[in-house]
Every structure is written in structure tokens, then in C-alpha cells.
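*Asks:* Chain residues, written in single-letter form:
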Amino acid sequence: MDAKPLWLLAELTYKCPLQCPYCSNPLDFAGSRFKHELTTEEWSRVFREAQALGVLQLGLSGGEPLLRPDLESLVATAQQLGLYTSLITSAHRLTQDRLAALKRAGLDHVQISVQAADAELSDRIAGTRAYRDKLAAYHFAKELGFPLTVNVVLHRENLHQVEALIRLAESLGAERIELANTQFYGWAFHNRDALMPTKAQLDAAWQVVLRERARLGSRLEIVWVLPDYHEQFPKPCMGGWGRAYMTVTPAGEVWPCQAAGGITTLTFENVRDRSLEWIWHQSDAFNRFRGEAWMPEPCRSCARRTVDFGGCRCQAFLVAGDAALTDPVCSLAPHRHVIDAAVTQVERAAAARVEPTALTYRAAPASRALAAKG
Amino acid sequence: MNPAPAAAVPRLHPKARLQRDEVRGRDVLLYPEGLVTLNPTGAEILGLCDGVRSVADIVAALEQRYGASGLEQDVMSFLDGLGAKGLVIYGR
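Chains A and B, in that order, give the protein sequences. Quick note on the working numbering: the first sequence kicks off at 1 and runs consecutively. Quick note on the working numbering: the second sequence kicks off at 1001 and runs consecutively.
Same shape as in the complex, but just chain A (with noise of 0.2 Å):
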């Protein structure tokens, strides 16, 4: 087995001027366990031991990467090691002379968040006006000639702009704008009864991605990252654990997937004690879920298992409470029922039109408060 890593996500710093609820970042990311960020030294070792090992792929991501002071010179050690770098940005208070000394360290691609099509919406979402930096940022990024992402999280708060944000993306000149629904770990799991949209709105949007696929071909790429409740059948999360991802936290942390620290029954190692390549070749947290040894039924007997690897071990953790069963989004599972009876819930609320419980924002104080609750 080819069991290389093509990408790496390095998550700079958990720190971030933006407050959206339903951030990918660990409920406790303001903790001790995040506290001690890598040093540029440290993290210019874990970038070449990364390409070493195969890495192609570089997400400067956070928190927001801009507040870390030292983002030129990690680019540039990237650069001078072949890796393909993007920068996974919210903008803020990003300036066309900071963006032009990325791109002259060698900064390949840029892709900027946007909460929603409107000002009003996405400070809201947002929770903090962020919204004009952007607009000026994804300009800034067209004329220093970046290729650009416009990515937006998707939930129901969003999800009839679906049109307007394709419509903003193809006025900017994006190559790509990602619709991503919002996938339920850390801060989006904890506010997922507020988050979750209903088939209805899904159905919707879905059709608006179809036929605006069709008008514009291949001027921009559309992606649409499913709402895995529901689906079916789960997503082929990472392209299967331990097989071509990983992420490096903060503190160090390495993780098969942005939320696997979330599952409390693994152990993970740190790139200040371990080199990157024993952490991905044999630490526990890495060879746990690899291949299919591992599976359960109705995993292990199932034609599908190569296709989607068992589907998501933190949604297992999550939801199920146990991180080796199948992902509960898959109609087989034995745990569906958790995942039918949340939907449920919503589409009843909605029809009722009983008013969604008021969102928890991401920011220090609510980590620390959710942390000491347990």
C-alpha cells in the first residue's frame, strides 16, 4: 500500500478575529493543550520532513495563518521545497502589500472565506465586520494574479444565497468557489440544531449548483462539499484514515483529519517529541483506522468499504461513542437512528417554525466556559 501523504494541512494558530459558529477548530482550542505554538524554526523542520515523506500539498490554515508575523518567511521555506501552498484566509485586515510579499515568497493559491453574499449577513455569521476586507482582499488577489478560492460554509442561515455567492465568485474572476455544508464537528456539532438546513432548502440549493454548473462549464469550478446527514451513504472522509492526509495543530499535535483530536480514546504524538515520519508511519493514532483490519460489520462484509473506508471515525466518536464503528450516516449502520432522529427534529422545528436555539459564537471565553463544563 501506497500509504504516503500528499497533503498537509498546518493549522498556524488557533487565534483568530473571527467568531463563526460553526469553526472546524477544536471547542477547546484557546486550552493549554494548544497554547505553545511552534516556533518558525519548528515548524520550517515539520515542512521539510512533510516533503520528505511525499507531501505535495501545503494548507497554511489556522485560526487565521495572517496573525502569525512570521507567514512570508514559512512561505518561502515551502516554496524552496517544491510544496503546492495555499492560504486558507478569512482576510482580515489582510492588505495588498502583505498579500504582494506572499506572493514574492512564492505563495501559490489564496483561498478566502465569505460567511454569506451580503455585508449585513456575513458579519453576522461572522460575528465581527469582516465582510469589506474580504471584498478588497479578493481583489487584491486578482490583481497580484493569485488563482482564487471563495470558500463559504453552508447552513441554514446561508443557504438561499447559494445563487448570489456563485454570482460574487464569477464577478471577483474566482477559478473555484467551494460551497461547503457545514460538516457537524467542534463548534458546528455543539450548534448543530441552529446550523442544520432542512431537505427542503438542500433541494433548493442543489438544483441552483446544477444549473449554474451548466451556464458557466469550466470558467469556474463549483464544488459541492455534500451534507453527509442527508446522505445515504458516508463520505470517503480524508480519502481514508492514514492514507494521504494529515494535520499538524498549533502546539504540534499531528492528526489524521482537522477533528480527530476530538477523540479522547486516541493518543496523539507531537512533532517536538516524534519526527513526522514515525508519527505517520507508526504511531497508534495513524494505524488504528488504516485498512480495513479494523472494520466492523456492517463495514467488513460490505462491497463498499473500499470506496468509502467506513466513513468518518469522528462522526463515529461523536455520534455513535465509539470511534471503530461505522460512520452513523451510512443507511447500514447501526446508530442511523441518531442521525434520522437529529434530522428529524430540525425538519419538525422548521414546519413548526419554532425559532432555532440561539447560536454559541467561537471565542476564548465560550472554549473556556465549555471546557470547564466538560
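A hint or two may mislead.
Calculated lysine-lysine pairs in the DSS-like style (CA-CA distance at most 27 Å, straight line) [what the hints assert, rightly or not]:
id, chain 1, residue 1, chain 2, residue 2
1, A, K15, B, K1085
2, A, K235, A, K4
3, A, K373, A, K35
4, A, K199, B, K1085
No lab work stands behind these hints, which were simulated from the structure alone.
Given the coordinates of chain A, assemble chain B onto it according to the supplied hints.
*Replies:* Frame of chain A, contents of chain B only:
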């Protein structure tokens, strides 16, 4: 998408980068959130896509290099495949 005529001048879209994958001993085309694995011939064709040579020039260069003929269909279908992904574009 219609196939490009032989006189068209192909080049890599600026978002794409040809890169040697030393670890796996192959060439790859990297682009935002993706990659295409290239066989040696594919890498050679892309190496000739310099924004000056036309498809016909590239075919002629390859045919001369290998003492072969009739490579036009192979080159065109390879470039069309990447064109459909928006990774190869036409025009100087």
C-alpha cells in the same frame, strides 16, 4: 468542449505547476486542491507547452525526438483532458 485545432498554442494555466515528485519518482501537475499524476510522455508534452509552440509544433517535436509519426491524436486527447479541467489553456 471542442478539441483545440492544431494551430492553437497551448500553455499551462497560471494556477497549475509542473513539479517533480521525488519521493514517488514521477512528475505531477499541481493546482489548487488537486494534482494530476503524469506519465513521462505527459510530462514531456507539458514541458513543450511554452506558450510559443502550437499543438502542431509540439507533435512535430515529439515525432522527431522519437522517430515516430501519427502522434497527433495522442497529444490532442492528452491536452483536451487537461483543458477540460481548466489546467491547459490556449492562446499566446
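*Asks:* Please name the hints from earlier in the document that this structure breaks, with their numbers sorted from lowest to highest.
*Replies:* Structure breaks hints 1, 4.
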